[in-house]
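Here the protein sequences come in this chain order: A and B.
Oh and the first sequence: position 32 is 88 in our numbering, straight run, nothing missing.
Oh and the second sequence: position 314 is 681 in our numbering, straight run, nothing missing.
Just so you know, the hints here were simulated from the structure itself, not pulled from any lab data.
Worth double-checking, as some hints may not be accurate.
[Claimed, not checked] Now the in silico label distances, taken between C-beta atoms and shown as ranges:
hint, chain 1, residue 1, chain 2, residue 2, range
1, B, Lys950, A, Asp107, 55 to 65 angstroms
2, A, Glu80, B, Thr569, 28 to 38 angstroms
3, A, Gln79, B, Glu476, 20 to 30 angstroms
4, A, Ile121, B, Gly612, 56 to 66 angstroms
5, A, Ile121, B, Ile386, 41 to 51 angstroms
6, B, Gln541, A, Asp107, 52 to 62 angstroms
7, B, Gln533, A, Arg88, 33 to 43 angstroms
8, B, Val536, A, Ile121, 26 to 36 angstroms
9, B, Ala701, A, Ala132, 21 to 31 angstroms
10, A, Ile121, B, Met820, 21 to 31 angstroms
11, B, Arg707, A, Glu80, 40 to 50 angstroms
12, B, Lys846, A, Arg88, 27 to 37 angstroms
[Said to hold, decoys possible] Which chain A residues face chain B? A few, computed with CB under 10 angstroms, are given here:
hint, residue
13, Arg64
14, Trp65
15, Cys67
16, Val77
17, Met87
18, Leu89
19, Glu91
20, Glu93
21, Leu94
22, Gln96
23, Pro104
24, Ala114
C-beta atoms are modelled at their ideal positions from N, C-alpha and C, and glycine is treated no differently.
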Amino acid sequence: MKELDRVRWRCRRGMLELDIVLQEFVDKHYMRLSETELQQFDTLLNFPDNDLWDMITAKKEIEDIKLRSVLQLLRAD
Amino acid sequence: MPYGLLKLYGSNGSSMAIIKRKFDVVIVGAGGAGMRAALQLSEAGFKVAVLSKVFPTRSHTVAAQGGIAASLGNVTEDSWHWHMYDTVKGSDYLGDQDAIEFMCRQASEVVYELEHFGMPFDRLENGKIYQRPFGGQSQNFGGAQATRSCAAADRTGHALLHTLYQRNVRANTQFFVEWMGLDLIRDEQGDVLGVTALEMETGEVMALQARAVLLATGGGGRIFQASTNAFINTGDGLGMAARSGIPLEDMEFWQFHPTGVYGAGVLISEAVRGEGGYLLNKDGERFMERYAPNAKDLASRDVVSRALTMEIKEGRGCGKNADHLLLKLNHLDADVIKMRLPGIREIAIKFAQVDPINEPIPVVPTAHYMMGGIPTNFYGQVVAPYKTGPEEVVQGLYAVGECACISVHGANRLGTNSLLDILVFGRAAGRQIIEDLKKNSHHKKLHTDSMDMSLARLVRLDSQKDGESVAQVGEALRKTMQEHCGVFRFADMLKEGVTKISEIAEQTNHTEIRDKSKVFNTARVEALELTNLAEVALATIVSAEARNESRGAHARDDFSIRDDNKWLKHTLYFREGRRLDYKPVRLKPLTVESFPPKARTY
Ligand SMILES: Cc1cc2nc3c(=O)[nH]c(=O)nc-3n(C[C@H](O)[C@H](O)[C@H](O)COP(=O)(O)OP(=O)(O)OC[C@H]3O[C@@H](n4cnc5c(N)ncnc54)[C@H](O)[C@@H]3O)c2cc1C
């Protein structure tokens, strides 16, 4: 429960683009993520806003294969 | 301990009453403004605490792409005096000319200083900082286009925040991340002694005692339904100031960007129109030709925003609700769009579900920047009519950045002048605090009741029965502001809007949250943010209803022209009794001749 609150807050960003995409993602998918995916999402949230946005809009190659499955969900929304 | 008990102890004066921590300076806000000031102070050896609701480099400054204005003259000849003229004219003569001179004169210096800090500016072939042209920039006092904005690719804000953050860490600035400032602590004399704050992780409320408090909480653009601002921009510093009796200045002036994505608000930059994109109404007409025959789609932001609003109002909007217009790019070569506007294409696909290579993007005028704020002088000291004069310095309180009104932007801000504002005045406030602290070498004693206002608000929230939903009240507030106090303002709508917003503001005092736990309770934080939004909204609509003229971003249907005889003055809104007062615009610059008001044509 508190984990969800924490994650929700960390989806508050400096870029409105991310606010919208991340909030939707949490509403739609968060409850169904596996343990590894939860960790992936956590890693992603620690990226700077611009880098994360570039990853979501596929401008940046996903170097880390381990982040792929969550990023694919983020991209699909 | 529950908040109720804490309050009880507080008024009993028990030793457990206040959890407090002591600093030389407490800064609320870790955006560009707060961090620039913090750096000045930490490097001078002061013990500085910087509070932020989110990690510092996620502050809204990160969203700035366009650049920082400074008359370096690296591309075309330039001078601070021309920059000053443009800023005064852009402000529709409401900007204070002493503060504007101060800012434009220091622009080059703060940019070079940033370069020296390691900011990765783009370079020209000769190694100098690259500059790009922006709307409203001219040479020779209104002549040819000037090239004045210094940028780091499309990541100027990001680079700025990261540079300042690194330097602050090195200088031992103490960051309090995921801490929310709640209220100012003032004594009977009106001096500011600190702030109360909520640590989100633990839910504890603390008094942070300081010899100087600097508010740098950014804008409050979330009062509007259509907003380019991130969700954190709830105007908290303005709420804190207003609740403690400090007036808010020029709140009727909000800049609307003409092209926010319909529904989402995300900004579509002017670059699209620069590349040849143009706006269409439902009849497929390129309507800007009617409103601005010369500049057309590239006319200034307020002009284009008003044109869009007129089209919608006269029934020529698009879609089933006829409530937006279209930004057409699909006549451009697909490769041009892919090469020059890749970011815009992503935004359109993601938020409007259209690929601009094939289809136009639905857009509406969208709230973007708050020109008004907490009244300060150009040293960042908060000035208010208290004690003996109309512009007395409030001891211990400073404000910089979008939350402050110095006023350098007046009735309309020029693009890229805001990052300049936060750097120049962040530094100036830091310097002034260093001076002032020489005189105030001791902390004044905190009274046991100094947390009462914050605790009362928290206790009320926890004990509310059958209350209002935070989400619903927030929705109503944003919708009402959009309808009643948007780009174009009508007397009857404003009047009705004041009543509605007053009711909504009252509802924010009766919100109820289901989760009452202390640890990381975001529902509580959002309920508190809503009270700040309500203060900002009320100040805005009350000030707008009273201003019977059109100036800069404030456009009245019933008073369509600027009226310098009656309205060349700043508005001051006082929360108590929703009273308005006015103070003169400072037309006298520091060293040069004044720029007298003229018709503002581009
Ligand atoms: C999309 C977009 C693009 C822009 N592009 C440009 C540009 O190119 N050039 C330009 O000059 N201007 C631009 N602007 C405007 C400019 O970015 C902002 O005006 C400026 O960055 C504001 O800086 P700030 O430091 O005052 O506030 P912010 O960067 O918004 O920082 C506010 C800080 O206060 C903190 N805070 C808020 N409330 C509390 C609280 N209660 N407790 C604790 N902390 C709190 C936040 O966490 C944050 O750290 C743009 C604006 C937008 C929306």
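Hint-by-hint comparison with the structure:
For Lys950/B and Asp107/A, the hinted distance range of 55 to 65 angstroms is not satisfied, since their beta carbons lie about 45 angstroms from each other. Between Glu80/A and Thr569/B the C-beta distance comes to about 29 angstroms, which sits within the given range of 28 to 38 angstroms. Separated by about 41 angstroms at the C-beta atoms, Gln79/A and Glu476/B break the suggested range of 20 to 30 angstroms. Distance hint check for Ile121/A and Gly612/B: the Cβ-Cβ separation is about 57 angstroms, which falls inside the suggested range of 56 to 66 angstroms.
For Ile121/A and Ile386/B, the hinted distance range of 41 to 51 angstroms is satisfied, since their beta carbons lie about 47 angstroms from each other. Our hint of 52 to 62 angstroms for Gln541/B and Asp107/A is violated, since their Cβ atoms are close to 26 angstroms apart. For Gln533/B and Arg88/A, the Cβ-Cβ distance of about 38 angstroms falls inside the hinted range of 33 to 43 angstroms, so the restraint holds. For the hinted restraint 26 to 36 angstroms between Val536/B and Ile121/A, the CB-CB distance of approximately 32 angstroms keeps it satisfied.
Look at Ala701/B against Ala132/A: about 24 angstroms separates their beta carbons, and that is inside 21 to 31 angstroms. Checked against the hint of 21 to 31 angstroms, the C-beta distance between Ile121/A and Met820/B comes to roughly 52 angstroms, which is inconsistent with it. Between Arg707/B and Glu80/A the Cβ separation comes to about 29 angstroms, which falls outside the hinted range of 40 to 50 angstroms. As the Cβ distance of Lys846/B to Arg88/A is approximately 32 angstroms, the hint placing it in 27 to 37 angstroms holds.
With a least beta-carbon distance of about 6 angstroms to chain B, the hint placing Arg64/A at the interface is held under the 10 angstroms criterion. Here the hint on Trp65/A is kept, as its CB sits about 5 angstroms from the closest CB of chain B, short of 10 angstroms. A distance limit of 10 angstroms between C-beta atoms decides the matter here; for Cys67/A the minimum to chain B is near 9 angstroms, and the interface restraint holds. Restraint check, Val77/A versus chain B: the minimum CB separation of about 7 angstroms is within 10 angstroms; hint holds.
With a least beta-carbon distance of about 16 angstroms to chain B, the hint placing Met87/A at the interface is violated under the 10 angstroms criterion. At about 19 angstroms, the closest approach between the beta carbon of Leu89/A and any beta carbon in chain B exceeds 10 angstroms, and the interface hint on this residue is violated. The restraint placing Glu91/A at the interface with chain B is violated, with a minimum CB-CB distance near 20 angstroms, outside the 10 angstroms limit. With a least beta-carbon distance of about 21 angstroms to chain B, the hint placing Glu93/A at the interface is violated under the 10 angstroms criterion.
Taking 10 angstroms as the C-beta cut-off, the interface hint given for Leu94/A is violated, the closest approach to chain B being about 16 angstroms. Taking 10 angstroms as the C-beta contact cut-off toward chain B, the hint placing Gln96/A at the interface is violated, the least distance being around 19 angstroms. With 10 angstroms as the threshold, the beta carbon of Pro104/A comes within range of chain B, its nearest partner Cβ sitting at about 6 angstroms, so the hint holds. At a threshold of 10 angstroms, the smallest CB-CB gap from Ala114/A to chain B is about 8 angstroms, leaving the interface hint in force.
Figure legend: structure checked against the earlier numbered hints; hints not met, in rising order: 1, 3, 6, 10, 11, 17, 18, 19, 20, 21 and 22.
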